[in-house]
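For reference, the chains in residue letters:
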Amino acid sequence: MTAATAHQTAGPYWHLIDFPEWADLLRAGGPNEGIPGPRITLTGRITDGAGAAAPDAMVEIWQADAAGSYEPPFHGFGRCAADADGVFHFTTLRPGSVPGLGNASQAPHIVLAIFARGLMKHLVTRAYFAGEPRNAEDPLLAAAGPRAGTLIAKETAPGSWRLDIVLQGDGETVFLDV
Amino acid sequence: MPDTQPPAYRRPAPATQPAYDSPAYGSTHLRHPKAPLLRMPHTLSEVTGPRMSQGAYPAEADMTRLPNGRVVMGERIIIGGRVLDEDGRPVPGAMLEVWQANAAGRYNHPRDTHDVPLDPDFTGRARVFADAEGRYSLTTIRPGAYPWRNHHNAWRPVHVHFSLFGAGFAQRLITQMYFPGDPLLALDPVFQATPDAAARDRLVAKFDLGLTVPEHALGYRFDIVLRGAAATPFEDAGHDDEGH
Ligand SMILES: [Fe+3]
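Chains X and D, in that order, are what the protein sequence lines are. In this text, residue positions in the first sequence follow my numbering: the first is 1, and each later residue adds one. In this text, residue positions in the second sequence follow my numbering: the first is 1, and each later residue adds one.
Be careful, since some hints might not be right.
[Stated by the list, open to error] Not everything, but these chain X residues come out facing chain D in the computed CB check (under 10 Å):
{"hint": "1", "residue": "A6"}
{"hint": "2", "residue": "L16"}
{"hint": "3", "residue": "H75"}
{"hint": "4", "residue": "V98"}
{"hint": "5", "residue": "G100"}
{"hint": "6", "residue": "L123"}
{"hint": "7", "residue": "V174"}
Think of the hints as simulated: they come from the structure by calculation, not from any bench. Ideal Cβ positions, reconstructed from N, Cα and C, are used throughout, including at glycine.
Based on the sequences and whatever the hints tell you, model everything.
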């Protein structure tokens, strides 16, 4: 039995594997062309412990389809480079609620993985949706307690959701030990 | 219906992973979380993951041949190995994305201003998939060491960046492969951030005469291990799991 390979930082030059079109999961000619569901955007700004932007970060998402399924045909994966202001922007479907453990279900959410110079391993968090009634029963939001708000995206315009990511300090995002 | 009680992944063995707060690596100072991470049981959101098919993500296994027919400058090498889980099972279909500096130690990247030549048109990236036995192989050139500003006279050891997708998103891995005998390894805060010496050593590829192709390229073996399944759902400790 061999322990899993150690993570190492993605560094500042990971853009060699950036394909900007991957940030639009619904793009024409992409794996989800024509798949039904409510179209949304998810954006946010990544900042460090001094409040400075993280312009070299990479964000990946993984999510279920509108019916809450992780199975094909929906391919719920995207990747986006932060811009010069540390902002990422995805176009995708609003996911449905997905099964939890036992008889529980989980409120609709998108898993985010954040990679960057200075992160020895990626950070994992989730974006939930403000106003979603099922948030009240979500086990992870309950476990996050008073900091759960850092996991809840706000709707800034119809279909436009925003969740800023604070890597360190005041308002630090709840990151998950997965 | 998907299984609602999926097998969880095993937690890392002690000291085999670097800490977010790795003070010798300056960029971690303002970027590591200060609050403890929230420990959570794995759900479908962690044990499922994107299926990367070669139809949607075409393989490019040879970095050394450019579209214009030119061969890139540098010492051509073959990197090969297996993608396994912690129980030694292959991870078939794992997608590997690979990126690196050129032979002079410069990335084809606008932010890399190291004062050595760019090799025109060399992008320095590849994408390959593990086969049914977990085997992968790619052809590239040995990259150069390069300076970084982490501390006085700081140089990264020669390395190749690897990004892997296994079956579950909780297996997602980005790491770096190093080369045997590199004197910079002992001085590198990124490499040294992993406390366990054996875990560090597994980041160093092995020269492999069996992978070496006569009259063509030296071969280096780099086996990569993704997280294995924990014994039961909800289980944090590491045990062999016969069921998955
Ligand atoms: Fe590098």
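Hint by hint, here is what the structure shows:
Against a cut-off of 10 Å between C-beta atoms, the interface hint on A6(X) holds, since the closest Cβ of chain D lies about 4 Å away. The criterion of a C-beta within 10 Å of any C-beta in chain D is met by L16(X), whose closest approach is roughly 4 Å, and the hint holds. Because the closest C-beta pair between H75(X) and chain D is about 6 Å apart, less than 10 Å, the hint holds. Because the smallest distance between the Cβ of V98(X) and any Cβ of chain D comes to about 5 Å, under 10 Å, the interface hint for this residue holds.
This hint holds: G100(X) has a C-beta 6 Å from the nearest C-beta of chain D, less than the 10 Å allowed. The beta carbon of L123(X) comes within 7 Å of a beta carbon in chain D, closer than 10 Å, and the hint placing it at the interface holds. The interface hint given for V174(X) holds, since its Cβ lies 5 Å from the closest Cβ of chain D, which is under the 10 Å cut-off.
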